[in-house]
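The residues making up each chain are set out below.
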Amino acid sequence: MKSPELAKMKKNIEEIRLTEIIGSDLCIASEDGQKVHDAIKNALQEEKKIRISFKNVDDLTSAFLNSAIGQLYGEFSEDDLKDSLAVSDASHEDLLLLKRVIQRAKEFFKDKERFEMATRELLGEDDATAN
Amino acid sequence: MSSCREAICEIDMSDVNWIDANMCAPLGAVLQSNSYENKITKIILLNMKSRIQDILQKNGFLPNFGFDVVKKPDPYGTTIEYQRFGCMDSQSFKRYVERHFRGKGLPEMTPRLAQKFRESISEIFENAIDHSKTQLGIFACGQYFPAQKRLDFSIADLGIGFRENILNCLGKGFAPEDAIEWALEGMNTTRKPKGGKPGGFGLKLIKEFIKLNRGGLYIVSDCGFWSLSQGQVYKNRFKAPFPGTIVNIEINTSDAQSYCLESEEIIDAEDIF
Chain A
24 MKSPELAKMK KNIEEIRLTE IIGSDLCIAS EDGQKVHDAI KNALQEEKKI
74 RISFKNVDDL TSAFLNSAIG QLYGEFSEDD LKDSLAVSDA SHEDLLLLKR
124 VIQRAKEFFK DKERFEMATR ELLGEDDATA N
Chain B
13 MSSCREAICE IDMSDVNWID ANMCAPLGAV LQSNSYENKI TKIILLNMKS
63 RIQDILQKNG FLPNFGFDVV KKPDPYGTTI EYQRFGCMDS QSFKRYVERH
113 FRGKGLPEMT PRLAQKFRES ISEIFENAID HSKTQLGIFA CGQYFPAQKR
163 LDFSIADLGI GFRENILNCL GKGFAPEDAI EWALEGMNTT RKPKGGKPGG
213 FGLKLIKEFI KLNRGGLYIV SDCGFWSLSQ GQVYKNRFKA PFPGTIVNIE
263 INTSDAQSYC LESEEIIDAE DIF
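First to last, the protein sequences are chains A and B. Counting in our numbering, the first sequence runs from 24 upward without gaps. Counting in our numbering, the second sequence runs from 13 upward without gaps.
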C-alpha cells in the first residue's frame, strides 16, 4: 500500500536515463557525459531528487562518468549529492566503475591543497633524474 | 624518408619487409606531421613490396590517406580500418567503434572481453582528445592476429605528449619515459581541481585490465618508451622524438575469465554517492 507521502516523494524524483540523453548505448565520450552533467545539474538546481538510470547502457568509460558525475563534486557538496542522487538499472561492472570515479572525484576536489602538494613533492623527488 | 624536396616527399620502402598493420596509426601521424610542417602536397612510396602494399590497402591506409589506390577486400576479416579523426571528434570515433566492433563482432573473444577492449580504446581516444591539444588529428588502426590469439590496436596523436603536458601544467620536468610512468601511477593527474573535471583515470584502468588479461600496453611519447607486457614494465629512450603520443594495446583474445576479480567487491547502489 502506498502512503500519500511516498507518492508525493516519488513525484519529485526525476529520472535521467543516460542512453536517452545521449541517444546511444555507448556512454564513452566525455562530451556526451557533459550533456548528462548539464541535465543533472539543472535538476539539482531545481532541488529535485534524481534517479540516474543506466538502463540499456552497453559500453561505459571513466571519461564519460568523470564528465557526467565526477565534476558534480566540484559544484555541489558531498552531502547534497548523497541526499539527491540515486542510481538504478546499473550492472555490477558499471557500479564498480562509478564507485571508483566518485572516490577519485571526492579526493580530487576535497583536499586539493594536499593533492597539489603531493604532486609537487613527487615531481621534486625526481628533479635529480629528470632531463 | 629518403628525401623531401619542395612539395613532394619520397619514402623509400625497399627495406620494409613487414609492418604490423596497426602501426599505420603512427605512420599516418608521422606523414601528416611531415606534410603539415613541410607543406608537402604529395607523398610517394617507392619500392614497396607487394605484400606490404596488400596490407596497407586491405586496412584502408593507402586509400584513406589519399594515395591513388582502392581498398582491397579483407577475406579473413582480420584488419581494423585505418582512420584519421578530428581532434575533438568523439562522435566519429563512436561510429567507428559501432561499425567495426559491434554486430559482426570480433572472433574468439568473450562478449565481456570484447566490451573491455572497446571501452579501453575509447578511454585512449578520449585521453588523446583531452591531452594532446593538437589540430592535426588523431589516428587509429588495428589488426587481429588469429594464430597468436592477439588483437592489437593503436591510437596516435600529434599533440604535446606526456612530458610537455606535465611540464606545462605542473612546472616540473621528467625524463620522457618517466613522464609516461608518472601518468600511469596512483592519483596522478595534470588536471587542476579549480574549475576542472576530475580525470587522468582511463590509462590506469587500461593498465589494470592489461595486467589481468596478460596482454600488452605500449606507449611512446616524445623520446620516451614505456611498456607493460606479461606483467613486466620496461622503459627506454629513443634517440629521436615521436611528434606526439602513440598508445598501443595488445589484447590476449584467448582470455576467458580474467574479470572475476573485479566482480568480487560488493557495491551498494543506494550508498554510492
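Hints listed in this document are in silico derivations from the structure and should not be mistaken for laboratory results. Idealized CB from N, CA, C, for every residue including glycine. Among the hints, erroneous ones may be present.
Rough simulated footprint, nothing fancy, chain B against chain A, three-plus residues with beta-carbon under 8 Å [to be verified]: (1) 45-53; (2) 63-76; (3) 102-114.
Calculated from the model, a selection of chain B residues having no Cβ within reach of chain A, i.e. all distances over 12 Å [stated by the list, open to error]: (4) 23; (5) 47; (6) 128; (7) 129; (8) 239; (9) 243.
With a cut-off of at most 25 Å between alpha-carbon atoms, the simulated DSS-like pairs for lysine-lysine come out as follows [to be verified]: (10) A/122 - B/219; (11) A/122 - B/145; (12) B/216 - B/161; (13) A/129 - B/106; (14) B/223 - A/64; (15) B/251 - B/106; (16) B/216 - B/145.
Each hint, compared with the structure:
1. 45-53: holds (count 5)
2. 63-76: It is violated: at least three residues are needed, and the region 63-76 of chain A offers just 0 whose Cβ sits closer than 8 Å to chain B.
3. 102-114: holds (count 7)
4. 23: 31 Å, holds
5. 47: 28 Å, holds
6. 128: Check fails; 9 Å does not lie beyond 12 Å.
7. 129: 10 Å, violated
8. 239: Residue 239 of chain B is indeed farther than 12 Å from all Cβ atoms of chain A, at 20 Å.
9. 243: With a cut-off of 12 Å, residue 243 of chain B remains clear of chain A, as the shortest Cβ separation is near 22 Å.
10. A/122 - B/219: Measuring from Cα to Cα gives roughly 18 Å; hence the hint holds.
11. A/122 - B/145: This hinted pair is violated, its Cα atoms lying about 29 Å apart.
12. B/216 - B/161: The hint holds at about 24 Å.
13. A/129 - B/106: Violated. Residue 129 of chain A to residue 106 of chain B sits at ~29 Å, over the 25 Å cutoff.
14. B/223 - A/64: Violated - the C-alpha atoms of residue 64 of chain A and residue 223 of chain B are around 37 Å apart, more than 25 Å.
15. B/251 - B/106: 36 Å, violated
16. B/216 - B/145: Distance ~21 Å between residue 216 of chain B and residue 145 of chain B Cα, so the pair holds.
Violated hints, listed in ascending order, are 2, 6, 7, 11, 13, 14, 15; each of the other numbered hints is respected by the structure.
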